[in-house]
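With chain A's structure known, arrange chain B on it following the hints.
Residue numbers (my numbering), protein chains in the order written: chain A, 1 to 488; chain B, 1 to 488.
Misleading hints may appear alongside valid ones.
It does not matter which identical chain is meant; a pair holds if it fits inside one copy or across any two.
To be verified - The calculated lysine-lysine pairs, modelled on DSS-like cross-linking and capped at a C-alpha distance of 27 Å, are:
hint	residue 1	residue 2
1	Lys413	Lys423
2	Lys130	Lys357
3	Lys423	Lys268
4	Lys130	Lys408
5	Lys130	Lys268
6	Lys484	Lys268
7	Lys356	Lys130
8	Lys268	Lys245
9	Lys486	Lys395
10	Lys357	Lys481
11	Lys130	Lys481
12	Lys240	Lys268
13	Lys481	Lys356
14	Lys70	Lys130
15	Lys395	Lys356
16	Lys240	Lys423
17	Lys240	Lys408
18	Lys70	Lys272
Derived from the structure by calculation, the hints contain no laboratory data.
Single-letter residue listing:
There are 2 protein chains.
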Amino acid sequence: MSTTFIPYFRFKVRLVLATVMLTSCLSARLSPAQEQPSRPNVVLFFADDLGYADLHCFGGESMVTPNLDKLASGGVRMTSFYASQAVCSASRCSLLTGCYNVRVGILGALGPNSTTCLNPEEETIAEVLKPLGYKTAIFGKWHLGDRGDGLPTRHGFDRYHGLPYSNDMWPYHPTSKAFPALPLFEDETIINDNVTAEDQEHLTEWATEHALEFIDSAGDDPFFLYMPFSMPHVPLYVSKRYNGKTGRGLFHDVIAEIDWSVGEVVAKLNEKGLSENTLVIFTSDNGPWLSYGDHAGSAQPLREGKGTAWEGGQREPTIFNWPGRIPAGTTCDEVAGTIDVLPTIAAVAGAALPEKKIDGKNIWPLLSGADGAVSPHQAYYYYWSRGLHAVRSGKWKLHFPHSYRSLKGEPGKGGQPGPYIQKTCGLELYNLDEDISESQDVAAEHPEVVAMLTRLADIKRWELGDALKKQTGHEVRPAGKLPKVKKQ
Amino acid sequence: MSTTFIPYFRFKVRLVLATVMLTSCLSARLSPAQEQPSRPNVVLFFADDLGYADLHCFGGESMVTPNLDKLASGGVRMTSFYASQAVCSASRCSLLTGCYNVRVGILGALGPNSTTCLNPEEETIAEVLKPLGYKTAIFGKWHLGDRGDGLPTRHGFDRYHGLPYSNDMWPYHPTSKAFPALPLFEDETIINDNVTAEDQEHLTEWATEHALEFIDSAGDDPFFLYMPFSMPHVPLYVSKRYNGKTGRGLFHDVIAEIDWSVGEVVAKLNEKGLSENTLVIFTSDNGPWLSYGDHAGSAQPLREGKGTAWEGGQREPTIFNWPGRIPAGTTCDEVAGTIDVLPTIAAVAGAALPEKKIDGKNIWPLLSGADGAVSPHQAYYYYWSRGLHAVRSGKWKLHFPHSYRSLKGEPGKGGQPGPYIQKTCGLELYNLDEDISESQDVAAEHPEVVAMLTRLADIKRWELGDALKKQTGHEVRPAGKLPKVKKQ
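Isolated chain A, as found in the complex (with noise of 0.2 Å):
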């Protein structure tokens, strides 16, 4: 009996168990999408401030990925997926539920015993999967909340392994001052409360352990994993095996030892014979930090990068796979975001959506190939805390007045970070089929597209604005609170 035969006979068996559930529970839901197999598992891995040309298979021609490069041949390249904010936790409150971030009230990126957290109320990847017997985890970074009720397992995961916020929130970082001492998290147990940066050289091994021990344990269960990275976020750290292994150097090492776990955690859903029942996403939450310079990522050939609305800030290399189902070695580059993931993932396991409004749309015409399948949004809108800098149709991209960061010279180096000044933008347009580094602003050309556009705007201004709030109290929804910390 060969070693392989041994998974292939587990996974048949889990499939006509999990046959028989759905004809028995779900019957009234059955859909093409979920017909068999169902209930997949489903990992999601979400990097860290990672450039739209961090990934080989992106254009990143010096990156080391090839389990990534595997991962996207395999599957579908999305060219046109975005983050809602170009900023940790407000991307992260989207990705988990479905939700442009002002709609959940998660603004910018919550700093160490921040009252503020991913409000109870709001419903998860996590909680939507939860009744339907999935077991969920989450190994990495949270940032949605560091006590209490902000934890992620108040939150639907029944497991934490991680850091509470960003790596770069503790006393040693060469720009943030006065942050207190860093905690490691083991559910809701702080077990190391004092993360060094010895300790942070194996926090993507940790991630990648965990997850691994987690698939393990699973059994027949279907499972979601969520797998966000602490990496490349600066500072950066590599463990031992990972340092100077790519030559090309530490940034580079960083994504290597990022393609290293998730190549692991895929030959363990193979080796399980796990692979054609589980839809694995990557993506990231932001673009590269370029004041960082050689500590930061690429978002080539985009404008700026994280903190803007530019392409840079908000586009991702991003992901599917899921061998059977999603076609492999297609690209869609139909806009999508990471409000999809949500609705995605609850479409293909059957799953309800939340009670309360959310933003994202099933993608699974896209992802599945469908013939003629087309980009449920109308319009992709890109915020900055509350404010609407940019609004996308089709090809069209309208930024309206504002200011943003941009570089002042030279970036950083060796995790140093370089200048940045406030720039201005105007009304601009610009046409991304033709000029995807957003440097022509042709508004004057098109004066009709930039009043569509407006409109568009203004109506979800409305919809998403302080303004409707008042008048109807039914879209815009509060973050969750946490009693302040005494400070010692």
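Chain B alone, transformed into the frame defined by chain A:
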């Protein structure tokens, strides 16, 4: 003690009671739109085949509509308010469910003994309001199922009196042959199994009498009164009191009687001191049936009428009135439609929206004249059966190639229809701000507008089309089914 004092006193008692109930039951939902008065009564008048110019207050200079004109001058005139499809049953299902008719599977007009009905799994306005203690009634024409689970009493209405479908679906209409005898319902009982021409003279009176009794009998409970007049659908009938009343012909007399009916109901509200706690709405299911000539209304200056996606088919003269809550004498040109009625009523009543996805939006900000309020619709879609014939965004309306009916020469007279011919429409763009009559196709001059509207339409086709239905099973739902009726 004056006669006006008693209603005023009773009104104050109602208000206090309502406020107490709201505070105890619904404090979590409080918002300015619902604060006080709470649980308003809702009266929804719905004419049949009424043209855009068939009210004096909408430019119909010869029309005799003093009560409707007063309703308009005391509230807001909506000048870009649309039925979802220019035919009876399709339009009515949208009004009652807040969905484009294609989403809920009701296409065209249901004939007698149709095996299709409004799906009992859809939630109507009546069902949305029932959990809040509303009494509900429909007096007039239903047309969403003529027996069993299709009847309005199975869709949230406590009381019903009226015809189950159009008043021309009977044996004696000039062009409609082989119909069964026309029944008249009281709740679920057929109280007259052969409505005659003489009977039809009383249709508007009967609905009005039932409405007045219903308001009287509501006691302290809030109520939802739905008044879908059978008129001015052909064959036109009017009571003896109104026959010849205007001296301008039968059509004018019929409209004058509808106006009388509205006036009676409003007077009853005033008499009972309920006006300031009642939202009154008036609109129609589709435009005029132009082939009937002097027995049809007018949509001037709009193009075409009933049965087409031109403005005359779907844009309806619409009034919202609520003394003290909706500013008197205002006009709103923003795009809205019958699909918005359910979510708007739900918002002002503090009711939960249906669990299933709906298309309509809460337009309370528009109605209440909120500063800077804009249409919540990025685009509005004109359907015919399952075909998307046109899309409007802002001032632009794009027609997709389709055929439509148009008068062939002179229309009919005296209740006899004139002939239609089929015309074809290409990809045609109209600027409704400058050309409300859709007379100048400007597609060639504005290719980018055409491209953007085409894109919006492509997305909606996917969302509401069979393609996505097959992919996800989420978005489009089937109509209800009734057992076949054996021929006798």
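Consistency of the hints with the structure:
no., hint, in the structure
1, Lys413 to Lys423, "within (22 Å within a copy, 70 Å between copies)"
2, Lys130 to Lys357, "both (19 Å within a copy, 22 Å between copies)"
3, Lys423 to Lys268, "neither (47 Å within a copy, 63 Å between copies)"
4, Lys130 to Lys408, "neither (48 Å within a copy, 62 Å between copies)"
5, Lys130 to Lys268, "within (23 Å within a copy, 53 Å between copies)"
6, Lys484 to Lys268, "neither (42 Å within a copy, 56 Å between copies)"
7, Lys356 to Lys130, "both (17 Å within a copy, 21 Å between copies)"
8, Lys268 to Lys245, "within (23 Å within a copy, 85 Å between copies)"
9, Lys486 to Lys395, "neither (50 Å within a copy, 56 Å between copies)"
10, Lys357 to Lys481, "within (20 Å within a copy, 30 Å between copies)"
11, Lys130 to Lys481, "within (24 Å within a copy, 34 Å between copies)"
12, Lys240 to Lys268, "within (23 Å within a copy, 84 Å between copies)"
13, Lys481 to Lys356, "within (19 Å within a copy, 30 Å between copies)"
14, Lys70 to Lys130, "neither (30 Å within a copy, 56 Å between copies)"
15, Lys395 to Lys356, "neither (31 Å within a copy, 32 Å between copies)"
16, Lys240 to Lys423, "neither (40 Å within a copy, 76 Å between copies)"
17, Lys240 to Lys408, "neither (34 Å within a copy, 85 Å between copies)"
18, Lys70 to Lys272, "within (19 Å within a copy, 74 Å between copies)"
Hint compliance for this structure: hints 3, 4, 6, 9, 14, 15, 16, 17 are not met, and every other hint is.
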